[in-house]
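Visitor: Given the coordinates of chain W, work out where chain P with the ligands should sit on it, guided by the hints.
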Amino acid sequence: MKNLLLIAYLDLKESLRAKWFLIYSLVFGGLIALFFIAGITESQVMGFSGLSRLLLMYIQITIVILPIFILITTVRSISGDRDNHTLEYMLSFPISLSQYYWGKIIGRFVTVFLPVFLAMVIAVIFGAMKGAEVPWSLFLLYAGLLFALTSSFLGIAFLVSSIVRSSEMGLGVAFFVWIFLLSFLDIALISLMMQNRINDGVIIAIALINPMEVFRVAAISLFDPELTVMGPVAFYILDMMSQLKFVLFSILYPTVLGLLFAFIGYNIFRKKDLV
Amino acid sequence: MIEIKNLTKKFGKAVSLNNVSVNFNKNDHIALMGANGAGKTTLIRLMLGYYHPNDGQVLINGLDPINNRIDVLKNISFVPQLPPPISLNLDDLLSYIEKSSDTKREDIFYYAKEMELDLQGNMNKSFFKLSGGMKQKLLIAISLAKKSDIMIFDEPTANLDPKARDNFYRLLKEIRTEKVMLFVTHRLDEVESLVNRQIYMDLGEIVSDEKI
Ligand SMILES: Nc1ncnc2c1ncn2[C@@H]1O[C@H](COP(=O)(O)OP(=O)(O)OP(=O)(O)O)[C@@H](O)[C@H]1O
Ligand SMILES: [Mg+2]
Numbered sequence: 042m043k044n045l046l047l048i049a050y051l052d053l054k055e056s057l058r059a060k061w062f063l064i065y066s067l068v069f070g071g072l073i074a075l076f077f078i079a080g081i082t083e084s085q086v087m088g089f090s091g092l093s094r095l096l097l098m099y100i101q102i103t104i105v106i107l108p109i110f111i112l113i114t115t116v117r118s119i120s121g122d123r124d125n126h127t128l129e130y131m132l133s134f135p136i137s138l139s140q141y142y143w144g145k146i147i148g149r150f151v152t153v154f155l156p157v158f159l160a161m162v163i164a165v166i167f168g169a170m171k172g173a174e175v176p177w178s179l180f181l182l183y184a185g186l187l188f189a190l191t192s193s194f195l196g197i198a199f200l201v202s203s204i205v206r207s208s209e210m211g212l213g214v215a216f217f218v219w220i221f222l223l224s225f226l227d228i229a230l231i232s233l234m235m236q237n238r239i240n241d242g243v244i245i246a247i248a249l250i251n252p253m254e255v256f257r258v259a260a261i262s263l264f265d266p267e268l269t270v271m272g273p274v275a276f277y278i279l280d281m282m283s284q285l286k287f288v289l290f291s292i293l294y295p296t297v298l299g300l301l302f303a304f305i306g307y308n309i310f311r312k313k314d315l316v
Numbered sequence: 008m009i010e011i012k013n014l015t016k017k018f019g020k021a022v023s024l025n026n027v028s029v030n031f032n033k034n035d036h037i038a039l040m041g042a043n044g045a046g047k048t049t050l051i052r053l054m055l056g057y058y059h060p061n062d063g064q065v066l067i068n069g070l071d072p073i074n075n076r077i078d079v080l081k082n083i084s085f086v087p088q089l090p091p092p093i094s095l096n097l098d099d100l101l102s103y104i105e106k107s108s109d110t111k112r113e114d115i116f117y118y119a120k121e122m123e124l125d126l127q128g129n130m131n132k133s134f135f136k137l138s139g140g141m142k143q144k145l146l147i148a149i150s151l152a153k154k155s156d157i158m159i160f161d162e163p164t165a166n167l168d169p170k171a172r173d174n175f176y177r178l179l180k181e182i183r184t185e186k187v188m189l190f191v192t193h194r195l196d197e198v199e200s201l202v203n204r205q206i207y208m209d210l211g212e213i214v215s216d217e218k219i
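Heads up: the sequence lines are chains W and P, in that order.
So in the numbering used here, spot 160 of the first sequence is number 201, and the numbers just go up one at a time.
So in the numbering used here, spot 205 of the second sequence is number 212, and the numbers just go up one at a time.
Hints are not guaranteed to be accurate.
Here are the computed lysine-lysine pairs in the BS3-like style, where the Cα-Cα straight-line distance is at most 27 Å [to be verified]:
1) K180(P) <-> K120(P)
2) K12(P) <-> K120(P)
3) K120(P) <-> K136(P)
4) K106(P) <-> K142(P)
5) K12(P) <-> K313(W)
6) K60(W) <-> K142(P)
7) K313(W) <-> K17(P)
8) K312(W) <-> K218(P)
9) K142(P) <-> K111(P)
10) K54(W) <-> K142(P)
11) K43(W) <-> K81(P)
12) K312(W) <-> K106(P)
13) K12(P) <-> K218(P)
Hints in this document: simulated from the structure, not taken from any laboratory.
The shape of chain W in the complex, shown without the other chains:
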């Protein structure tokens, strides 16, 4: 336990000094700042209060860029350590592989999650100061979604790092995973749907295996409890589960998925040559 926290702490400290972390924090902080400057909180569109609208835009952008940030920085750092023999030296000390691996995950989780979460907190505080009404249920949902998003992509990133032999290869795989989940999968499913050979419900169920899709739908679910914006998709989703269940699913499923990937990654890490 002591070593686990030590590894997490050192990873955290290392990240805080790294350039990617600075850029990362600036991007998400800057996004929020930009929204305020653009006056999104003041506008009233489609009847949403300003702050809700801001949060919705923030989460929609975050769903797209956070995964690639997590994948790239994590894969780079974890397989980079192996490429340049840092891992070889660090593991010559009596520390167990599980403490090393899970310590790294915890450290990474904190570095990745805190900036996106804090940017949202700042938005809420700032918005409240400007007199906007704080949409607490939305805030809670999005905090949960950010947590789940971070978990799932961190799990994928650690799995990729365990499998690939070099960080270059890792970056390629990471980028492919991101693009695949972001759009290829959708395009493939849409074309399947248009061919009309497979039941739409099945296709939507498959779409919901993709955590990125789950986040997309969950992000608007509070605005639109009947999910009318989603058209026929909503019909199937709400047919499968109630809105509350769907919200819970959208947080639990990606989190569990991330843990599962992380565990598989750990088993590969343990069983393969370390350096």
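Guide: Just chain P with the ligands now, kept in the frame of chain W:
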């Protein structure tokens, strides 16, 4: 202390270590030599439990270095062939070492001083920003401070100036009794006064092993 039996390691089809058997005992101070690619580093990595052998086994004090990683590594000091570009600053690196392996910071400082390395002025610097020689000095100081029974040095003096080498060999002479010391080296003359056993490897096999 170290038993290596019929050890074979392949990478794909290439055999890096071919059915190697050798024992290292207390008070063996070994120069491990051989051409580039002979398999010296591979042998060391197997002793540290980094590689899964294709065949045969390594036992360190009777323990398998993969399954008993912690107990085995408590007893081993290791200086790698090239100092890696660790991004932690020295303060954090030393904390890691202190906490993971019961090494005392004051001992690291003591040996750093003996190696003529100024640690205090560099504590907030990243390890990779030190000069090549300074990195090596620090890794050597750490390996000595760890006070292990088994010390493994994979060409640790490549970047050291002559004075630093002399310091290093002097310190090793002070502590070498009752230990296994393994030096990978391409220059026997340098370590000749320090070792009592010379092993040559070629193409993944031990081709000669003499005690002196
Ligand atoms: N991780 C690896 N993957 C593939 N091949 C490897 C790996 N590590 C070592 N080899 C191969 O194994 C052989 C032995 O390498 P090793 O590093 O043990 O040599 P060495 O005796 O330490 O050489 P040097 O004096 O150059 O350090 C080489 O042919 C090398 O290419
Ligand atoms: Mg070598």
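Visitor: State for each hint whether it applies.
Guide: Hints and how they fare:
1. Using a Cα cut-off of 27 Å, the hinted pair K180(P) and K120(P) holds, with the two alpha carbons roughly 17 Å apart.
2. Between K12(P) and K120(P) the alpha-carbon distance is near 40 Å, which puts this suggested pair outside the 27 Å criterion.
3. Taking the CA atoms of K120(P) and K136(P), the gap is near 19 Å; set against the 27 Å cutoff, the hint holds.
4. At roughly 20 Å between alpha-carbon atoms, K106(P) and K142(P) fall within 27 Å of each other, so this suggested pair holds.
5. The straight-line distance between the Cα atoms of K12(P) and K313(W) is roughly 21 Å, inside the 27 Å bound, and the hint therefore holds.
6. Between K60(W) and K142(P) the alpha-carbon distance is near 23 Å, which keeps this suggested pair within the 27 Å criterion.
7. Only pairs whose Cα atoms come within 27 Å are accepted, and K313(W) paired with K17(P) is accepted, the gap being roughly 13 Å.
8. Simply put, K312(W) and K218(P) have alpha-carbon atoms about 37 Å apart, too far for the 27 Å limit, and the pair is violated.
9. Annotation: proposed proximity of K142(P) to K111(P) holds, straight-line Cα distance about 19 Å (limit 27 Å).
10. In summary, the hint linking K54(W) to K142(P) is supported, as the alpha carbons are separated by about 21 Å, within the 27 Å threshold.
11. With a C-alpha separation of about 16 Å, the suggested pair K43(W) and K81(P) falls inside the 27 Å cut-off, and the hint holds.
12. This hinted pair checks out: K312(W) and K106(P) have alpha carbons roughly 26 Å apart, not beyond 27 Å.
13. Of the supplied pair hints, the one linking K12(P) and K218(P) holds, its CA atoms being roughly 20 Å apart against a limit of 27 Å.
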